[in-house]
Each structure stands twice: as C-alpha cells, then as structure tokens.
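Numbering (our numbering), first residue to last: 3 to 138.
Calculated from the structure, these hints are not laboratory results. For glycine and all other residues, C-beta sits at the position ideal for the given N, C-alpha and C.
Once the Cα atoms are required to be at most 20 angstroms apart in a straight line, the calculated SDA-like pairs of lysine to any residue come out as: (1) 42 x 15; (2) 99 x 123; (3) 42 x 20.
Derived Cβ-Cβ restraints for the label pairs, each shown as a range: (4) 112 x 44: 41 to 49 angstroms; (5) 36 x 61: 16 to 24 angstroms; (6) 84 x 46: 24 to 32 angstroms; (7) 45 x 114: 37 to 45 angstroms; (8) 89 x 30: 16 to 24 angstroms; (9) 9 x 106: 17 to 25 angstroms; (10) 45 x 99: 28 to 36 angstroms.
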Amino acid sequence: MNRITHFEIQADDPGRAAQFYQDVFGWEIREWEMPGIEMKDENRYWFVITGPETDPGINGGLVFRRGPPPVEGQAVNAYTCTIGVPDLDRSVGLVRKAGGSILLPRMGIPGIGWWAHCRDTEGNLFGMLQEDPNAS
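Make the full structure from the sequences, and use the hints.
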C-alpha cells in the first residue's frame, strides 16, 4: 500500500495559520531557513511537527496559498485531514477561541468516536475525532 507521509496547509497568512494550529493542537511550527538564501514569500516554507516521531501520525508543512482561497458554499476540492484529539468539546472551544469556525458540530460515529468538521482562519476545512468505541 502507498501511505500518506506528509501534508501541506495552504494559507493566505502563514503566521496567522501557524498561530491557529499552535493554539488549537499545540503543534510545533517553525520556518525552514536555508543558510545564505533569501526566501521570497512564495517560496517560504514552515515545517509542522504534529507529535513525537514515536507516535503514529504524520508531519507536514505550511505554505503561502498558490491559488484562489476556498469559496464558501462550494464543494471541497482537496483532501481533508482529520486530527485525533483527546477531548472533542475542549478542541471545539479552542478552534472558536483561535478564530476558526465549526461547520458540522459534534456527532457520533457508532463504534468509532465523536467527530466535528471545522474551518481554520485561512478557510481550510479539517475534521477532529475523539476516539470512543461507545459513541452512538
């Protein structure tokens, strides 16, 4: 099988997006600096570390958006990632506090857990899932 090994978050304002993901999920986000090379905005890149290498999951990147932003009310035209969280209600509150919005509120997926669909400060969609085999 071919496994996903990296993701990228598109952002109109990478600093704002980095702050959002740090505030909500505690991710480490740091800009990649190449010694002796001045990076123009369109080429700047931030590494996103979502957790220890010993834990399951993947890390990714953050880049300036290279196309039009997502449009409200139109179909999603990209991969949507779901982020595992220990407490969905707390995470929903953090999304709101950090300037994001909740598109689909907490719902149970029987035998799997509690899920919500959100939008970040850049208009990107993502899911959050709290595992709970007793969810209904």
